[in-house]
Amino acid sequence: MPPRNTDGRDHRDEAILALADGDHRQAGDAYTHAAYGELAGLENHRREALDPDAQGWAGDALSALCLAGVCYRIAGRDRRAENRATQGRTIATDQREFVLADPIDQAEATAFIGDFYVLAGDQEQAAAAYDGAAKRYADAAPTDPAGATTRPLLQAGTDLLLQLSRPDDVSWDDIHGTGSDALDRRMRFRRTRLSELLDARVQAGRLHPPRGSTEYNADFRCPDCGATDVNYIADAVLCLRCASVIEQR
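Counting in this note's numbering, the sequence shown runs from 15 upward without gaps.
Calculated directly from the structure, the hints in this document are not laboratory data.
Just to be clear, a hint being listed does not mean it is correct.
Here are the simulated lysine to aspartate or glutamate pairs, EDC-like style, with alpha carbons at most 20 Å apart [claimed, not checked]:
1. K149 to D183
2. K149 to D198
3. K149 to D182
4. K149 to D195
5. K149 to E138
Because the structure is a prediction, the values reported are computed rather than measured.
Let's have the full structure, built from the sequences with the hints guiding it.
Here is the structure:
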């Protein structure tokens, strides 16, 4: 079989459509390819991970690797999930030690390391990484903690948590809010909720696609559950309730 042509492909979109179809092995593969493409600057924001002028954009790849690991766990491929956790920790460590210049980004990279330990089921190491991230955030002492959460690396972490919370859909305010304690709240959320969210997705046997643009009581009806609330994402119309594909564009 000849190799597939990857020109113009968006592997993250392919992962989302695989999730809509309930094919978590394929979604894991697509998220893995998305991470590799994003690290090389070939997909999504097209920022090379080792470019000193592209601070924090490697977060997209870290998020994709974590989602890949969750998908593999759901698909019963635990060794591949462990591989993605190891890769994620390695990349996050490399970013923190050799690429990222801002202490806030270095703190978030440390928090990502904790996330990957949670993915691997090592709660003790996850707690240690989260302790380290909290100390780095405190030492950085940003004047606008809530504003810091909009940095690319931190936004990638937020997007990861939001997707893992679906279909319950925690809010941005649940994760960190807008107050002076935003970074403290962010770390508390990770410590107390990430493992729970990940386990819930595995037990349900389903990782839902992320939210894109949503519309309620739209001129669409889901053929599977009958809902009329939709999620526009990955060049498709998905049911906001059950994530089935209503229309692919």
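Of all the hints numbered above, which does this structure not satisfy? Sort the numbers upward.
1 and 3
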